[in-house]
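**Student:** Letter by letter, the chains look like this.
4 protein chains.
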Amino acid sequence: MEPEEKYFSNITNRERAIFEGAITMGALFHQFVGTPVNSDTVKSLEKAIEDAMSVQPCVSSVEVVIDREILEEISNEFDYVSLSGEMLDVKVTTVCSDKQALIRLKFISELNYPLMYVEDVD
Amino acid sequence: MEPEEKYFSNITNRERAIFEGAITMGALFHQFVGTPVNSDTVKSLEKAIEDAMSVQPCVSSVEVVIDREILEEISNEFDYVSLSGEMLDVKVTTVCSDKQALIRLKFISELNYPLMYVEDVD
Amino acid sequence: MEPEEKYFSNITNRERAIFEGAITMGALFHQFVGTPVNSDTVKSLEKAIEDAMSVQPCVSSVEVVIDREILEEISNEFDYVSLSGEMLDVKVTTVCSDKQALIRLKFISELNYPLMYVEDVD
Amino acid sequence: MEPEEKYFSNITNRERAIFEGAITMGALFHQFVGTPVNSDTVKSLEKAIEDAMSVQPCVSSVEVVIDREILEEISNEFDYVSLSGEMLDVKVTTVCSDKQALIRLKFISELNYPLMYVEDVD
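Residue numbers (this note's numbering), protein chains in the order written: chain A, 247 to 368; chain Y, 247 to 368; chain Z, 247 to 368; chain L, 247 to 368.
Calculated directly from the structure, the hints in this document are not laboratory data. A couple of the hints might just be wrong.
[Claimed, not checked] Derived pair list, reagent style DSS-like, types lysine-lysine, alpha-carbon separation capped at 27 Å:
#	chain 1	residue 1	chain 2	residue 2
1	Z	K293	Y	K352
2	Z	K289	Y	K337
3	A	K289	Y	K252
4	Z	K252	Y	K289
5	A	K252	Y	K252
6	L	K345	Z	K252
7	Z	K252	L	K289
8	Z	K352	L	K252
9	L	K252	A	K293
10	L	K252	Z	K345
11	A	K252	Y	K293
12	L	K293	Z	K337
13	Z	K293	Y	K293
14	Z	K345	L	K293
15	A	K293	A	K337
16	L	K289	Z	K352
17	Y	K289	Y	K352
18	A	K289	L	K252
19	Y	K289	A	K345
20	Y	K352	A	K345
21	Y	K289	A	K352
22	A	K289	L	K337
23	Z	K252	Z	K293
24	A	K289	L	K345
25	L	K293	L	K252
26	A	K352	L	K352
Small disclaimer: the values here were computed from a predicted structure and weren't measured.
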């Protein structure tokens, strides 16, 4: 048993997959919201977010898509915006032993809110 | 049913309590790590972190303790440090319907790591 | 001479007042943008931002006003928003020896941009 | 005259070069400190920081070096650390009309502090 596993003996593998994915999603949002971004820099930012969040416990993959339309419509002379939750569509996949979870961050128009939810779980 | 509830129909109340607490803990860490802090400002920072994270979905209370010893031992002439994970001891309590979870962030010496884990859950 | 002063011997006191105020303003924006906030928590967040940024070198005072109107108009069921640059009106005053600078962050409608500029300097 | 220039008519080009470089450095530090990083992800993080901060006003180039030694010495089973100021060596070059400034962030051992200073200015 890994030393840290005793801290997780009170939850199931499915629950830990959900737990670690949720931490990663909260972390991702609050680490990177506010970052300056435009059409030229969006790709390297997506890749860095994916790479950074992939090192977290139990995370097997991270896919980040930043809304290009918003970037193309920038209407100030400074030619960039601060990354906001509305611009993000993110999938974090976690694996804990035999269980897998897919956590999603997506702006939901009817809620007017960038929602984090469990899109799929074993 | 609240409009957002359909996004959570695939997990149990216990799982959602864990999910929302984990998001909040990841968010808290990555929002506030790096904040300048010293013995004079530590109280207002603790309170602001508690208040800010209490507004997140399902969160019923947040307790933040920043290590005073580290602040008292600051050994540079600038008289402050950047908040780091090692300095944080945090409890986030979430309630989802009839289920409650207590998520903890604590520096674990034997792991040399600020661990987030589920300390208690119904 | 303080040990750090040799690093600033190539600029004037007026320039250092501007320099340190600008660092503090950039720091403030990127540390706190993204923080969850609503009408109940806005005061403690303003105070914590003021306290945190006041510890930086040469900073003599920080005044933070977060736009209440935006908070009152929150139109989602989650009852909070993420702090954004558009909501912030900030004054950072720095003193370097006999020189003082007032750095301002303010959303400028005609620029559609939260601008940082030197509002006043000796 | 660009619309924003009236906000800078009270400072010289040299001062604005210093001002914008300082904002960018403060922003960079507080946006990215806390990001998970290890030897595998360090390159994409360096590039994303450089790209993101290059879009800020007057910034002509950004060079970021994250200390590899610290990453190689990670002594926990999670195999990553949170980016801290101690790990960063950054050069931000700004140009304002005929004036250029080089702002540096570097950990200074004798100060035990990650110092931001003006390394060179016209």
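**Student:** It remains to establish, for every hint, whether it holds in the given structure.
**Tutor:** Structure-based check of each hint:
1. Z:K293 - Y:K352: 26 Å, holds
2. Z:K289 - Y:K337: 22 Å, holds
3. A:K289 - Y:K252: Not satisfied, since the Cα-Cα distance of roughly 33 Å exceeds 27 Å.
4. Z:K252 - Y:K289: Status violated; Cα separation ~34 Å.
5. A:K252 - Y:K252: Violated. A:K252 to Y:K252 sits at ~34 Å, over the 27 Å cutoff.
6. L:K345 - Z:K252: 22 Å, holds
7. Z:K252 - L:K289: Since the Cα atoms of Z:K252 and L:K289 sit roughly 33 Å apart, the hinted pair is violated (cutoff 27 Å).
8. Z:K352 - L:K252: 14 Å, holds
9. L:K252 - A:K293: Cα-Cα ~38 Å, so violated.
10. L:K252 - Z:K345: 22 Å, holds
11. A:K252 - Y:K293: Answer violated: A:K252 to Y:K293 is near 31 Å, above 27 Å.
12. L:K293 - Z:K337: 32 Å, violated
13. Z:K293 - Y:K293: Status holds; Cα separation ~10 Å.
14. Z:K345 - L:K293: 37 Å, violated
15. A:K293 - A:K337: 13 Å, holds
16. L:K289 - Z:K352: 35 Å, violated
17. Y:K289 - Y:K352: OK: Y:K289 and Y:K352 at ~19 Å, within 27 Å.
18. A:K289 - L:K252: 34 Å, violated
19. Y:K289 - A:K345: Roughly 41 Å between the alpha carbons, so the hint for Y:K289 and A:K345 is violated.
20. Y:K352 - A:K345: Roughly 26 Å between the alpha carbons, so the hint for Y:K352 and A:K345 holds.
21. Y:K289 - A:K352: 35 Å, violated
22. A:K289 - L:K337: Holds, at roughly 22 Å.
23. Z:K252 - Z:K293: Violated. Z:K252 to Z:K293 sits at ~33 Å, over the 27 Å cutoff.
24. A:K289 - L:K345: Status violated; Cα separation ~31 Å.
25. L:K293 - L:K252: Judged against 27 Å, a Cα distance of about 33 Å means the pair is violated.
26. A:K352 - L:K352: 38 Å, violated
The structure is inconsistent with the numbered hints 3, 4, 5, 7, 9, 11, 12, 14, 16, 18, 19, 21, 23, 24, 25, 26, although it conforms to all the rest.
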